[in-house]
Amino acid sequence: MSNEDGYSSNRWELPEHWGTHLDAPLHYSKGGKTVADIPISELFCPAIVIDIADRAAADPDTAVSLEDILSWERKFGEIPRKGFVLMHSGWGKWVQTPLFYNKKEDGLLHFPGFSAEAVQFLVNSRNVAGVGVDTLSIDCGKSLDYPVHKILFAAGKWALECLCNLHSLPPQGAWLLVGAIPLRKATGFPARVFALVP
Numbered sequence: 001m002s003n004e005d006g007y008s009s010n011r012w013e014l015p016e017h018w019g020t021h022l023d024a025p026l027h028y029s030k031g032g033k034t035v036a037d038i039p040i041s042e043l044f045c046p047a048i049v050i051d052i053a054d055r056a057a058a059d060p061d062t063a064v065s066l067e068d069i070l071s072w073e074r075k076f077g078e079i080p081r082k083g084f085v086l087m088h089s090g091w092g093k094w095v096q097t098p099l100f101y102n103k104k105e106d107g108l109l110h111f112p113g114f115s116a117e118a119v120q121f122l123v124n125s126r127n128v129a130g131v132g133v134d135t136l137s138i139d140c141g142k143s144l145d146y147p148v149h150k151i152l153f154a155a156g157k158w159a160l161e162c163l164c165n166l167h168s169l170p171p172q173g174a175w176l177l178v179g180a181i182p183l184r185k186a187t188g189f190p191a192r193v194f195a196l197v198p
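In UniProt numbering, the protein residues as written are 1 to 198.
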C-alpha cells in the first residue's frame with residue numbers, strides 16, 4: 001500500500017513451499033535444521049547437472065538413478081564433497097500449466113524426481129550439500145511416502161525445488177548461489193537461485 005507522502009509498504013502472506021524454494025531438513029525430519037540453521041557456506045556450492053530430459057519426455061515417472069550418477073562420474077569425475085546435484089528433466093517448460101503437476105486419472109501426479117537409492121549414495125558416499133529439481137518435488141510425483149525427502153533431510157542436507165533454466169547450465173563448472181532468508185522456524189522458503197557459469 002502507498003500513501004500521499006510517497007511511502008510504500010506491503011504485508012505478505014505466502015506458503016513456505018511454493019515457487020522456486022528451499023526445503024530445510026525440518027520439513028521432513030523432526031528436530032532438523034531450519035532455513036536459518038543452514039550455514040551460509042553451504043549456500044554457495046558447485047553445481048552438478050544430471051540431464052534426464054530425453055528420458056523424462058518419454059516417461060514422466062522416471063527418476064535420477066544411481067546409474068545416472070555413476071555414468072556422470074565416468075565422464076566428469078567424482079562429484080565433489082558439498083556439491084549440489086541438480087536434475088534437469090526439462091519439466092520447467094510446463095510451469096504455470098496443468099502439465100507441471102501432470103495429474104492423471106489415477107489421482108496421482110506424474111513428474112520426475114530422484115530415486116531413493118541415488119540420494120542414499122549421494123548422502124553416504126559423496127557428502128553432497130543437497131539436491132535440486134526443475135519439478136515440484138525431489139521425490140517423483142507419484143510418490144506417496146516421500147523417501148527421498150526423508151533420506152536427505154535425516155542426513156541434515158537440503159533441497160531446491162521448482163528451479164528453472166537448468167538447460168542453460170553445463171554438466172559441471174557452474175556454481176550455485178542461493179538467496180535464502182534466514183527465518184528461524186522456517187521449514188522452507190521461496191529463494192532466488194543464481195548460477196555462476198564460467
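Just so you know, these hints were derived from the structure itself, not from any lab.
Hints should not be assumed to be uniformly reliable.
With a straight-line Cα cutoff of 20 Å, these simulated DMTMM-like cross-link-like pairs (lysine to aspartate or glutamate) come out [as the list claims (entries may be wrong)]:
| id | residue 1 | residue 2 |
| --- | --- | --- |
| 1 | Lys82 | Glu117 |
| 2 | Lys82 | Asp37 |
| 3 | Lys30 | Asp54 |
| 4 | Lys103 | Asp68 |
| 5 | Lys30 | Glu16 |
| 6 | Lys104 | Asp37 |
| 7 | Lys185 | Glu42 |
| 8 | Lys185 | Asp68 |
| 9 | Lys30 | Asp68 |
| 10 | Lys150 | Glu117 |
| 11 | Lys142 | Asp106 |
| 12 | Lys75 | Asp51 |
| 13 | Lys142 | Glu42 |
| 14 | Lys150 | Glu13 |
| 15 | Lys33 | Asp59 |
| 16 | Lys104 | Asp145 |
| 17 | Lys103 | Asp61 |
| 18 | Lys75 | Asp54 |
| 19 | Lys82 | Asp61 |
| 20 | Lys103 | Glu42 |
| 21 | Lys93 | Asp61 |
| 22 | Lys93 | Asp37 |
| 23 | Lys142 | Asp37 |
| 24 | Lys30 | Glu105 |
| 25 | Lys150 | Glu16 |
| 26 | Lys93 | Asp59 |
| 27 | Lys93 | Glu42 |
| 28 | Lys104 | Asp59 |
| 29 | Lys185 | Asp61 |
| 30 | Lys82 | Glu42 |
Per label pair, the in silico range of CB-to-CB distance [what the hints assert, rightly or not]:
| id | residue 1 | residue 2 | range |
| --- | --- | --- | --- |
| 31 | Asp5 | Leu144 | 49 to 57 Å |
| 32 | Lys142 | Ala36 | 27 to 35 Å |
| 33 | Lys30 | Gly77 | 34 to 42 Å |
| 34 | Glu4 | His110 | 28 to 36 Å |
| 35 | Phe44 | Lys185 | 21 to 29 Å |
| 36 | Leu66 | Trp175 | 50 to 58 Å |
Ideal Cβ positions, reconstructed from N, Cα and C, are used throughout, including at glycine.
Okay, the hints, checked on the actual structure:
no., hint, verdict
1, Lys82 x Glu117, "holds (19 Å)"
2, Lys82 x Asp37, "holds (16 Å)"
3, Lys30 x Asp54, "violated (37 Å)"
4, Lys103 x Asp68, "violated (26 Å)"
5, Lys30 x Glu16, "holds (17 Å)"
6, Lys104 x Asp37, "violated (38 Å)"
7, Lys185 x Glu42, "holds (19 Å)"
8, Lys185 x Asp68, "violated (35 Å)"
9, Lys30 x Asp68, "violated (30 Å)"
10, Lys150 x Glu117, "holds (12 Å)"
11, Lys142 x Asp106, "holds (10 Å)"
12, Lys75 x Asp51, "holds (13 Å)"
13, Lys142 x Glu42, "violated (30 Å)"
14, Lys150 x Glu13, "violated (27 Å)"
15, Lys33 x Asp59, "violated (34 Å)"
16, Lys104 x Asp145, "holds (18 Å)"
17, Lys103 x Asp61, "holds (12 Å)"
18, Lys75 x Asp54, "holds (18 Å)"
19, Lys82 x Asp61, "violated (28 Å)"
20, Lys103 x Glu42, "violated (34 Å)"
21, Lys93 x Asp61, "holds (17 Å)"
22, Lys93 x Asp37, "violated (32 Å)"
23, Lys142 x Asp37, "violated (30 Å)"
24, Lys30 x Glu105, "violated (34 Å)"
25, Lys150 x Glu16, "holds (18 Å)"
26, Lys93 x Asp59, "holds (16 Å)"
27, Lys93 x Glu42, "violated (28 Å)"
28, Lys104 x Asp59, "holds (14 Å)"
29, Lys185 x Asp61, "violated (33 Å)"
30, Lys82 x Glu42, "holds (7 Å)"
31, Asp5 x Leu144: 49 to 57 Å, "holds (53 Å)"
32, Lys142 x Ala36: 27 to 35 Å, "holds (33 Å)"
33, Lys30 x Gly77: 34 to 42 Å, "holds (36 Å)"
34, Glu4 x His110: 28 to 36 Å, "violated (52 Å)"
35, Phe44 x Lys185: 21 to 29 Å, "holds (24 Å)"
36, Leu66 x Trp175: 50 to 58 Å, "violated (25 Å)"
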